[in-house]
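Asks: Based on the provided sequences and hints, a complete structural model is requested.
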Amino acid sequence: MKVLTDNFSIYWHGFLGTLELTVVSAVLALLLGVLTASFRVSPVRPLRAFGTGWVTVLRNTPLTLLFFVVVLGLPRFDIVLPFFTFAVLALGCYTSAFVCEALRSGINTVPSGQGEAARSLGMTFGQTLGTVVLPQAYRSVVAPIGSVMIALAKNTAIAGSFSVVELLGTYRTINELGYSILWTFVWIAVGYLIITLAISAIFNLLERRAAVSR
Amino acid sequence: MTTSSALYDVPGPKALARHRLYGGLALLVIAALIGWVVYMLFHTHQFTYQKWMPFEYRGVQDLLLRGLGNTLRAFAWTVVFALPFGALFAAGRLSDHRAVRWFSTLVVEFFRAMPLLVMIFFIFVAMKVQPLWALVAGLTLYNGSVLAEVFRAGVLAVPKGQREAAFALGLRKTQVMTYILVPQANRAMLPTIISQLVVALKDTSLGFLITYEEFLHAGKLIATNLDYDLPFIPVVIVIVPVYIGMCLLLSWLARWVEKRGRRSPKVRGGAPIAKAGVVMGLPPEAQ
Chain Z
1 MKVLTDNFSI YWHGFLGTLE LTVVSAVLAL LLGVLTASFR VSPVRPLRAF
51 GTGWVTVLRN TPLTLLFFVV VLGLPRFDIV LPFFTFAVLA LGCYTSAFVC
101 EALRSGINTV PSGQGEAARS LGMTFGQTLG TVVLPQAYRS VVAPIGSVMI
151 ALAKNTAIAG SFSVVELLGT YRTINELGYS ILWTFVWIAV GYLIITLAIS
201 AIFNLLERRA AVSR
Chain F
1 MTTSSALYDV PGPKALARHR LYGGLALLVI AALIGWVVYM LFHTHQFTYQ
51 KWMPFEYRGV QDLLLRGLGN TLRAFAWTVV FALPFGALFA AGRLSDHRAV
101 RWFSTLVVEF FRAMPLLVMI FFIFVAMKVQ PLWALVAGLT LYNGSVLAEV
151 FRAGVLAVPK GQREAAFALG LRKTQVMTYI LVPQANRAML PTIISQLVVA
201 LKDTSLGFLI TYEEFLHAGK LIATNLDYDL PFIPVVIVIV PVYIGMCLLL
251 SWLARWVEKR GRRSPKVRGG APIAKAGVVM GLPPEAQ
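Just so you know, the protein sequences line up as chains Z and F, in that order.
Heads up: the first sequence begins at 1 in my numbering, then just goes up one per residue.
Heads up: the second sequence begins at 1 in my numbering, then just goes up one per residue.
Read the hints as simulated data drawn from the structure, not as lab findings.
For every residue, glycine included, the Cβ atom is placed at its ideal position computed from N, Cα and C.
This list has only true hints and no planted wrong ones.
Here are the computed distance ranges between Cβ atoms for each label pair:
1) F:Asp229 <-> Z:Ser163: 21 to 31 Å
2) Z:Leu81 <-> F:Asp229: 18 to 28 Å
3) F:Arg73 <-> Z:Leu121: 53 to 63 Å
4) Z:Thr5 <-> F:Glu56: 51 to 61 Å
A short, non-exhaustive set of chain F residues, derived as facing chain Z with CB atoms under 7 Å:
5) Leu117
6) Lys202
7) Ile233
Replies: Here it is as structure tokens:
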């Protein structure tokens with residue numbers, strides 16, 4: 001307990017860093033994920049190919065390697081951004097591939113009659129997808145997206161090794177101050193559990209609310 | 001693509017022309033992106049001899065190969081430990097004894113909820129284990145726990161009649177499990193197991209962060225060498241395809257096994273393909 005009370009501001013800082021990283025990357029991942037998912041089901045072939053390539057490459061790249069490339073590689077192209085932005089880019093792009101896959105399988109669960117009915121009303125592809133299919137896919141997609149977001153929160157730990165302030169990185173500072181390493185890690189673990197449990201609670205709520213309208 | 005084609009009509013001549021226009025525009029944007037990357041590669045002098053020279057050296061090639069070997073070694077040990085770990089705890093979660101069941105559930109849920117890197121750092125820093133074994137231990141605990149869920153879901157997915165018939169023949173519960181349930185579940189689970197192994201293979205790169213001398217670490221050593229004019233981009237160009245290639249090969253193996261299982265008459269009527277994600281909410285590939 002002493003480890004926590006003595007170093008509360010360090011922990012709090014790290015906790016907020018992890019939280020901020022998770023939220024901003026989640027927003028980026030959701031935006032990119034929706035975009036690539038609609039690419040993958042669109043009638044335009046080059047867009048479909050781009051979506052497939054994006055997902056295949058990102059899903060088969062280790063996140064550490066992606067961080068390595070983004071954080072150390074982009075500066076070679078004279079793109080110098082804060083480390084936080086780099087971390088958001090890496091995490092957001094990586095996670096967007098999983099969001100895209102979850103969305104795509106969600107779109108496949110919507111009965112094809114819905115899309116056909118929308119078409120027979122004369123809706124365009126954008127209207128069919130945006131106002132008919134995606135809102136219905138939302139229900140079956142909430143739970144898988146929730147697990148993807150939990151995985152994202154866990155993956156933010158990697159950013160600490162690339163000069164971003166976050167929860168796991170706090171162990172170095174606290175360890176140097178000479179506190180018990182075991183308890184240091186116990187409180188870090190508690191911090192992550194708070195975030196992941198909160199995410200799963202939020203998504204359980206969303207899932208329950210979506211289920212009512214079924 | 002059966003359902004997604006329900007999203008739009010079979011295009012007529014006008015729509016076709018419009019799709020071609022969009023396609024052309026998209027191609028232009030993609031080409032511009034690629035062109036920009038290539039331009040930047042040349043602009044920042046990434047293809048000079050000096051930057052690619054290190055790959056001609058025997059020592060550098062050995063370094064990379066050794067790194068690749070270390071990556072594969074960590075992966076192999078993980079597979080060797082994680083599969084029995086998963087089997088053990090899956091059996092524990094299916095046990096008739098409440099204490100065993102609760103203990104296994106606790107272990108599996110805890111290790112699945114913790115970030116893998118926190119576990120690896122804990123084992124490495126607090127328990128002062130060597131990098132290789134810290135990495136393997138962390139990977140085993142995490143992937144073993146996920147595999148335990150996969151195994152459990154697979155065994156539960158075998159039709160109930162199989163189990164009842166086996167008990168009716170007078171088999172004991174261990175015999176039912178080993179002779180009846182596991183062999184049937186095994187076929188159905190194999191693709192999921194292999195895709196979880198892809199996750200494990202990807203995660204071996206976390207060893208880089210605890211200074212385990214794996215493939216990425218070897219790459220970084222070369223990339224930060226001033227004698228070679230910091231050949232960072234060349235190293236990336238060499239390393240990335242190897243990683244993606246290895247993961248793709250394993251993914252393809254998983255898909256091939258899945259397809260073969262679906263075709264083989266022996267499996268017909270067996271358990272449906274098990275998906276741990278459906279049961280527990282965490283898709284195995286989400287890590």
